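Undergrad: The chain contents come next:
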Amino acid sequence: MDFDEVFAPVARIETVRLLIALAAQKGWQVHHLDVKSAFLNGDLVEEVYVQQPPGFVVEGGSGKVLKLKKAFYGLRQAPRAWNARLDSELIKLGFDRNPLEHAVYRRSHSDGCLLVGVYVDDLIITGPNRANIDAFKQEMMKSFSMSDLGLLSYYLGIQVTQERGMIMLCQSSYTLKILEQAGMKGCNPCHVPMENRLKLSKNYKTPPVDKTKYRSVIGSLRYLVNTRPDIAYQKQAIGLL
Amino acid sequence: MKQILRYLAGTVGYGCVYKKLNTSNTVLTGYSDSDLTGDIDDRKSTSGSVFLLGSSLVTWTSQKQRVVALSSCAACQGIWLNRLLGELLGIQTPRVRLLVDNKSAIALSKNPVHHDRSKHIDTRFHFIRDCVEKGEVEIDHVRTTDELANILTKALGRMRFAELRQQLGVTKV
Numbered sequence: 004m005d006f007d008e009v010f011a012p013v014a015r016i017e018t019v020r021l022l023i024a025l026a027a028q029k030g031w032q033v034h035h036l037d038v039k040s041a042f043l044n045g046d047l048v049e050e051v052y053v054q055q056p057p058g059f060v061v062e063g064g065s066g067k068v069l070k071l072k073k074a075f076y077g078l079r080q081a082p083r084a085w086n087a088r089l090d091s092e093l094i095k096l097g098f099d100r101n102p103l104e105h106a107v108y109r110r111s112h113s114d115g116c117l118l119v120g121v122y123v124d125d126l127i128i129t130g131p132n133r134a135n136i137d138a139f140k141q142e143m144m145k146s147f148s149m150s151d152l153g154l155l156s157y158y159l160g161i162q163v164t165q166e167r168g169m170i171m172l173c174q175s176s177y178t179l180k181i182l183e184q185a186g187m188k189g190c191n192p193c194h195v196p197m198e199n200r201l202k203l204s205k206n207y208k209t210p211p212v213d214k215t216k217y218r219s220v221i222g223s224l225r226y227l228v229n230t231r232p233d234i235a236y237q238k239q240a241i242g243l244l
Numbered sequence: 118m119k120q121i122l123r124y125l126a127g128t129v130g131y132g133c134v135y136k137k138l139n140t141s142n143t144v145l146t147g148y149s150d151s152d153l154t155g156d157i158d159d160r161k162s163t164s165g166s167v168f169l170l171g172s173s174l175v176t177w178t179s180q181k182q183r184v185v186a187l188s189s190c191a192a193c194q195g196i197w198l199n200r201l202l203g204e205l206l207g208i209q210t211p212r213v214r215l216l217v218d219n220k221s222a223i224a225l226s227k228n229p230v231h232h233d234r235s236k237h238i239d240t241r242f243h244f245i246r247d248c249v250e251k252g253e254v255e256i257d258h259v260r261t262t263d264e265l266a267n268i269l270t271k272a273l274g275r276m277r278f279a280e281l282r283q284q285l286g287v288t289k290v
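Going line by line, the protein sequences match chains A and B. The numbering of the first sequence is the working numbering, which starts it at 4 and goes up by one. The numbering of the second sequence is the working numbering, which starts it at 118 and goes up by one.
Watch out, some of these pointers could steer you wrong.
Pairwise CB distance ranges, derived in the manner of DEER restraints [what the hints assert, rightly or not]:
| # | chain 1 | residue 1 | chain 2 | residue 2 | range |
| --- | --- | --- | --- | --- | --- |
| 1 | B | 144 | A | 218 | 34 to 42 Å |
| 2 | A | 169 | B | 120 | 28 to 36 Å |
| 3 | B | 260 | A | 91 | 36 to 44 Å |
| 4 | A | 142 | B | 260 | 37 to 45 Å |
Calculated directly from the structure, the hints in this document are not laboratory data. Remember, it's a predicted structure, so these values are computed and weren't measured experimentally. In this text, a Cβ means the ideal position worked out from N, Cα and C, and glycines have one as well.
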């Protein structure tokens with residue numbers, strides 16, 4: 004192996020929420036850009052050879068291999084190659100990478116700043132000036148094939164609603180899906196997720212539950228906690244049993 | 118587990134709401150709490166922390182641990198978030214305020230005197246004491262009734278639960 008690193012930084016959920024909280028407080032808009040087939044943009048540092056795909060064999064050259072010029076999907080170093088490319092592109096455009104969170108970039112403008120958070124091929128952009136956001140989108144379109152998704156409305160399975168002076172995060176369709184999978188759709192709703200002062204113990208003499216199903220629901224709840232701190236404790240308590 | 122799902126069924130459309138503030142200052146506030154009575158199986162306690170930017174919820178944790186001494190990981194995370202916020206805004210941010218509802222824990226964090234009974238938590242405390250001395254964190258007392266991290270460390274009654282949920286900005290979207 005001639006590559007050392009396959010890791011590519013992505014923005015943590017805390018960072019994304021910090022960006023959104025900041026934008027909400029300042030009344031900024033949050034925009035969303037998506038890079039089409041992002042991994043194909045990565046430049047390879049290493050030499051990688053592939054066999055000729057069936058049906059595309061060069062006549063008279065069977066048995067030979069092809070040398071890759073660009074990264075593609077399925078290649079171990081593809082995410083990193085893409086990230087390196089994006090990084091150099093953003094730095095060319097005058098951005099600074101955040102030393103504490105490598106997936107966040109910042110550019111200073113005369114009238115404020117522009118902040119960009121990166122999650123693989125999703126870019127979330129915010130800043131005080133709408134014109135700067137639009138200009139940045141144009142700059143990016145010159146380098147990559149991108150789709151401009153406008154105001155951020157859906158990010159990593161979280162629905163985002165932006166209204167005047169308010170940003171709301173919600174995972175209601177995901178919640179419904181969990182309920183459906185657990186066969187709890189249309190059950191009797193209750194007011195609190197756990198009885199007051201209830202302490203759970205491993206030593207109860209109750210019939211064992213289906214472990215796989217139980218764990219699958221806990222796994223789903225883990226992700227739901229991203230917008231529901233109100234069940235964080237309960238999820239943690241049942242997850243430890 | 119059934120009850121969690123039943124609760125979710127009643128609150129499907131709930132989510133975090135972030136509002137615009139009319140003040141220009143963006144201050145990070147943390148709340149940290151621990152439930153010392155802990156687990157009936159292994160006596161570990163649960164500690165929770167919340168960080169808000171103004172009134173907007175940024176991050177939270179709820180975890181079980183053996184030693185609780187004014188959760189140093191809460192302070193750690195607060196400092197990281199605050200530095201990150203400073204970088205984002207390109208300014209020097211004011212120090213993080215960490216609110217705790219346990220007076221003796223605060224006293225310990227500020228006071229470098231060694232107490233006989235607290236020697237075992239000394240190493241863990243060292244970090245947070247350092248941070249207080251360097252002025253990166255400011256630790257304050259908060260009344261138990263205003264302790265937002267309560268919701269992350271124990272199962273609460275209906276009224277209290279709904280009240281804290283509201284204060285965290287989790288409402289029907």
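Undergrad: The structure should be examined with respect to each hint, and the outcome stated for every one.
TA: Structure-based check of all given hints:
Between residue 144 (chain B) and residue 218 (chain A) the Cβ separation comes to about 40 Å, which falls inside the hinted range of 34 to 42 Å. Residue 169 (chain A) and residue 120 (chain B) have their C-beta atoms about 31 Å apart, which keeps the hinted 28 to 36 Å range intact. At about 52 Å, the beta-carbon gap between residue 260 (chain B) and residue 91 (chain A) misses the expected band of 36 to 44 Å. Taking 37 to 45 Å as the suggested C-beta distance range, the pair residue 142 (chain A) and residue 260 (chain B) does not conform, at roughly 51 Å.
Hint violations for this structure: numbers 3, 4, all remaining hints satisfied.
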